[in-house]
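Since the structure of chain A is provided, determine the placement of chain B on it from the hints.
Listed below are the residues making up each chain.
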Amino acid sequence: MSRPEIRQWQPEPAPPPDLAALLGRVARGDHRAFELVYAELSGPVYGVVRQVLRDPAQSEEVAQEVLLEIWRSASRYDPDRGSPAAWALTIAHRRAVDRVRAENACMRREQKAAEPDPAQGDVAETVAATLEHQRVRRCMDGLTGLQRESIKLAYYSGYSYPEVAQLLGVALGTVKTRIRDGLIRMRDCMGVTW
Amino acid sequence: MPYELHVLTGSYVLDAVSDAERKEFERHLQHCPTCDAEVRGLRETAARLARTCAMTPPARMEQQVLAATYRTRQLLPLPADRPHRIPRIPRIPRRVAVLAAAAGVAVAAGLGITQLSAQHQLDQARATAIARVVTAPDARIDTAPTSAGGSVTVVTSAALHESVVSASGMASLPSGRVYQVWVMSPSGARSAGLIHGSSLLASAVRPGDRIGITVEPAGGTAQPTTTPVAVVPV
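Quick note, the sequences are listed as chains A and B, same order. The first sequence begins at 1 in the working numbering and counts up one residue at a time. The second sequence begins at 1001 in the working numbering and counts up one residue at a time.
One chain only, chain A, in its complex shape (with noise of 0.2 Å):
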């Protein structure tokens, strides 16, 4: 498992736009908002995306399935419910690990874990790090082994709870406790107020 590296430092961004402002005028049918609301996520989708699927081609194809979806379903977006961020990479998660259910991807991940990634040292589409992944990565540390790779394996690599279970040797009860207290840590150290 491995993930981008941070190659590079970047000045803290503009404040990004509001999205949930957007969204709501996206679900009027507005393509200027939508126009807004890409430029604004489909890093994030797509990368996420492609994290777990791999297959740029694919990743691909299924990043702009949840892109459109963005757009078809922008009116159920509901902010008491959580931020717009969370909302699309929900879907788009969701989204990539059925696609890697539904193609009973077990033998083609593990025939991609051999091939050499291409994303590694493709610098240029790695979206430079900020202050945030620092932060991220910083509370990532914070985790026991065990948390962290469970949470690793689950979101990044798109494996259910028994196939982490069995990937690390631990039961299935654990897993599903590690991912929690897991998530609950990286929660309580990120600062995350939802």
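Certain hints may be false.
Unchecked claim - Chain A regions said to be covered by chain B (calculated; three or more residues, Cβ under 8 Å): (1) 65-76; (2) 147-156; (3) 182-189.
FYI, nobody ran anything at the bench for these hints, they're computed from the structure. Keep in mind that this is a model prediction, so the values were computed, not measured. We put the CB at the ideal spot given by N, CA and C, even for glycine.
The following block gives chain B in isolation, referenced to the frame of chain A:
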């Protein structure tokens, strides 16, 4: 809440459950506000994980997606009175957290439970009433020094006609004397109770009223008998 299902919050958020488990857990979420609140927090956390692997997609994708929007019909909003609407634990806005902290009230954001940072236990109804004030959309805060040292903080909701009064740092009184809180209006003063080192709820507060604190004999009095150590307009 069954423990077995509750521990699934993390796996659910990471999409690490089977379709059958997902359905079962989502049914459970309809009836478990604490699970639902936890899911929301963990979902935001997962979104931060996602953002660390953001990658610029191929440039052609943008034109393809934008073009597709012109031939894709959008979903209508769901009706407001959704039949299976999940009972909502309101998110405590940051502003309210500040108000609550200033009022000496600890708001357990995740659970929507409010407790006073008090030595003694308050009954749940009163705690709920105080939570209602400090989380009211129109809650405003006033602070004033007292001549007995320290300061008094008043959080008022005009809509609810209620104020939460809390004092800190006031001189301790000799035995037989207490601090008493008053709602003072042009027509006179009305006792809101005695300060026992924690917050206190004053009700039927009207615009133009003032909150006063006086030193009184143990047990309190019907009307103030000394000059107030503090007066705060609400």
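Quick one: see if chain B covers the region 182-189 of chain A, three-plus residues with Cβ-Cβ under 8 Å. As far as the region 182-189 of chain A goes, the hint holds, because 5 residues have Cβ atoms under 8 Å from chain B.
Three-residue Cβ test at 8 Å for the coverage of the region 147-156 of chain A by chain B: Check passed, 4 qualifying residues.
So is the region 65-76 of chain A in contact with chain B by the C-beta rule, three or more residues under 8 Å, or is the coverage claim wrong? holds (count 8)
Violation of the numbered hints given earlier is absent; every hint is satisfied by the structure.
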